[in-house]
Amino acid sequence: KPVVFRHMLHYIYGATVPPDILKAYAREIIDAADKYGIANLKLEAEACLVRSTRITVANAMDHLLYADAKNCALLKEAAVDFVVENKLEVLERVTLG
1 KPVVFRHMLH YIYGATVPPD ILKAYAREII DAADKYGIAN LKLEAEACLV RSTRITVANA
61 MDHLLYADAK NCALLKEAAV DFVVENKLEV LERVTLG
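Every letter in the sequence shown is one number past the one before it in the working numbering, and letter 85, counting from 1, is 85.
In short, the hints are calculated from the structure, not lab data. Hints may be right or wrong, so weigh each one.
Simulated pairs of lysine to aspartate or glutamate, EDC-like, Cα-Cα distance not exceeding 20 Å [claimed, not checked]: (1) K1 - D20; (2) K70 - E92; (3) K76 - E44; (4) K70 - D81; (5) K70 - E89; (6) K23 - E85.
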């Protein structure tokens, strides 16, 4: 998305990405920052995603798979913590295979 690329370029040249943009485009920013190796921006977007996302039984596995694919330790930890805390509910809803 052009807005993500524009803010990524601004970040590279010393600007900050506004919190509302981080929140609205967190996954897209993580994808772009991961692709271009901008670790600090990726971490900022990931932290924002973890703060602003409510992990539920319905989306826990999606978050866990995304976090694993993008090497997002904070998101992965949040998803794993949710699964551990809600293991019975998760086991009832999730099928493996």
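Out of the numbered hints, which ones does the structure contradict? 2, 5 and 6
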